[in-house]
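Undergrad: For the sequence shown, UniProt numbering gives the first residue as 1, with consecutive numbering after it.
Calculated from the structure, these hints are not laboratory results. Bear in mind that the values here come from a model prediction, so they are computed numbers and not experimental data. All the pointers check out, no bait thrown in.
Straight-line distance between alpha carbons at most 16 Å, and here's what the computed EDC-like set of lysine to aspartate or glutamate pairs gives: (1) 77 to 107; (2) 77 to 110; (3) 3 to 22.
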Amino acid sequence: MLKQAAAELRQQLGPFPGVVVEHKRFGVAVHYRNAARDRVGEVAAAVRTAEQRHALRVTTGREVIELRPDVDWDKGKTLLWVLDHLPHSGSAPLVPIYLGDDITDEDAFDVVGPHGVPIVVRHTDDGDRATAALFALDSPARVAEFTDRLARQLREAPLRAT
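Go ahead and model the full structure; you've got the sequences and the hints to work with.
TA: Below you can see the structure in the form of structure tokens.
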């Protein structure tokens, strides 16, 4: 069904300059970042039609519309599954750190919030959108700085028993 939806969208949206239809393993992404602004409504309508025709679910992100299987699964549920299946020994709790830059990351921010560190990565094109993340970094370059510093701190910090 995803393969067929992707093929239909490629055929229908092919004449639209700047629109890219990407068939992924678990979805179809329709990128419209480089499309004319006055054509975005037509792009969205085509994706909605494919959603209904193939019984898929639409999610939106930063200048992308995605079609996914209509199942009750999102990044938050994925994160919970990963945390439940991580090997863990010792009495110290795991503290998950989740970084995300898209509206689809909000479910994971909700999951991490009470017991971890949810961090939104801001971009100039999404401004100050509301988020469940408790912290923010203002660019991918800041993410690299953050992860470098965190790795250095973890290497240098002595292990402490709790």
